[in-house]
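Add chain B to chain X, keeping to what the hints say.
Chains as they are written, first to last, in the working numbering: chain X, 35 to 147; chain B, 3 to 117.
To be clear, the hints were calculated from the coordinates, so they are not data collected in a lab.
Among the hints, a few may not be true.
Stated by the list, open to error - Per label pair, the in silico range of CB-to-CB distance:
hint	chain 1	residue 1	chain 2	residue 2	range
1	X	K85	B	M47	41 to 51 Å
2	B	K57	X	S60	25 to 35 Å
3	X	T96	B	E89	18 to 28 Å
4	X	I78	B	N103	13 to 23 Å
Claimed, not checked - Straight-line C-alpha distance at most 30 Å; calculated DSS-like pairs for lysine-lysine:
hint	chain 1	residue 1	chain 2	residue 2
5	B	K22	X	K70
6	B	K57	X	K134
7	B	K16	X	K72
8	X	K98	X	K85
9	B	K43	X	K146
10	X	K72	B	K43
11	B	K68	X	K94
12	B	K66	X	K94
13	X	K90	X	K146
14	B	K16	B	K68
15	X	K72	B	K68
16	X	K85	B	K66
17	X	K61	B	K22
18	X	K51	X	K134
19	X	K51	B	K43
20	B	K43	X	K61
21	B	K57	X	K98
22	B	K16	B	K43
23	X	K90	B	K16
24	B	K43	X	K70
25	X	K94	B	K57
26	X	K134	B	K43
27	X	K94	X	K72
28	X	K134	X	K102
29	X	K102	B	K57
What the hints assert, rightly or not - Among the chain X residues that face chain B by a calculated CB cut under 10 Å, a handful are:
hint	residue
30	L38
31	I46
32	Q71
33	Y73
34	F79
35	Q84
36	H117
37	A118
38	L122
All residues carry an ideal CB built from backbone N, CA and C; glycine is no exception.
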Amino acid sequence: SQELEQSPQSLIVQEGKNLTINCTSSKTLYGLYWYKQKYGEGLIFLMMLQKGGEEKSHEKITAKLDEKKQQSSLHITASQPSHAGIYLCGAGSGSGNTGKLIFGQGTTLQVKP
Amino acid sequence: GAVVSQHPSRVICKSGTSVKIECRSLDFQATTMFWYRQFPKQSLMLMATSNEGSKATYEQGVEKDKFLINHASLTLSTLTVTSAHPEDSSFYICSASNTPNSPLHFGNGTRLTVT
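One chain only, chain X, in its complex shape:
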């Protein structure tokens, strides 16, 4: 079965610093999704990547999917306290688009003012 490994598991950065979170899959990704979660709350969709080499940006967050479609990174530029939370990568669990996602274990980000 497919597994997603995120690194690091937790991260503490000073406000204004850049950071990167990685997500590695044991199998080829057919769709990679990044979500943000505040503890005890629902997930907020950030970005979806489907093509090898694809890169998307929204405000200060950039996500990339490598050419082999087995690794993705999420980069935050000039971090702010509002970026704090749990970042989860999710991937379709099969080659067909069943809509079913499996998730990495999450990366907890703290941003110190």
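For chain B alone, coordinates are given in the frame of chain X:
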């Protein structure tokens, strides 16, 4: 658009009772919804796929008689935790997508505490 609403947000129940959690797609129809469970400081584990008008598909290791899923309409799926025990205490969260190639949208989750 694509809003998923979950109710209740928190519930406390006594051991042995049953609890029903509702998941609604507010502005779209969802033939399929997904139920996840999340333990503290852990990731989301897929429990089951809720299919409108047919039986739910459960992931390996999830007891279908324990976690009853009903998807009676295109906008509502319910998860009933039957004969709840303290080990069922967890954060349950549902999701759905409005089109086949669009990302999943999640409800705000339900914190279940069984005493």
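ask   = Is K51(X) close enough to K43(B), meaning Cα to Cα at most 30 Å?
value = holds (25 Å)
Given pair status - K68(B), K72(X), alpha carbons within 30 Å = Given pair K72(X), K68(B) holds - Cα atoms ~28 Å apart, limit 30 Å.
task = Please test the hint of 13 to 23 Å on the beta carbon pair from I78(X) and N103(B).
result = holds (19 Å)
key: Distance restraint between K90(X) and K146(X), which requires alpha-carbon spacing of 30 Å or less   = It holds: about 26 Å lies between the C-alpha atoms, which stays within 30 Å.
key: Y73(X) as an interface hint toward chain B, with CB separation required under 10 Å   = holds (8 Å)
ask   = Going straight from one Cα to the other, do K85(X) and K66(B) come out at no more than 30 Å?
value = Status violated; Cα separation ~36 Å.
Holds or violated: K43(B) to K146(X), with C-alpha atoms at most 30 Å apart = Measuring from Cα to Cα gives roughly 20 Å; hence the hint holds.
Pairwise hint evaluation, K68(B) against K16(B), where the allowed Cα distance is 30 Å at most = Cα-Cα ~16 Å, so holds.
task = Below or equal to 30 Å on CA atoms is what counts here, so check K98(X) against K85(X).
result = Given pair K98(X), K85(X) holds - Cα atoms ~10 Å apart, limit 30 Å.
query = Can the restraint linking K66(B) and K94(X) be considered satisfied, given a maximum Cα separation of 30 Å?
reply = violated (43 Å)
key: 30 Å Cα cutoff - pair K94(X), K57(B)   = Violated, at about 43 Å.
query = Does the alpha-carbon distance linking K57(B) and K98(X) stay inside the 30 Å limit?
reply = Violated: K57(B) and K98(X) sit about 37 Å apart, past 30 Å.
Checked against the numbered hints given earlier, this structure breaks hints 1, 3, 11, 12, 16, 17, 18, 21, 23, 25, 29, 31, 36, 37; the rest are met.
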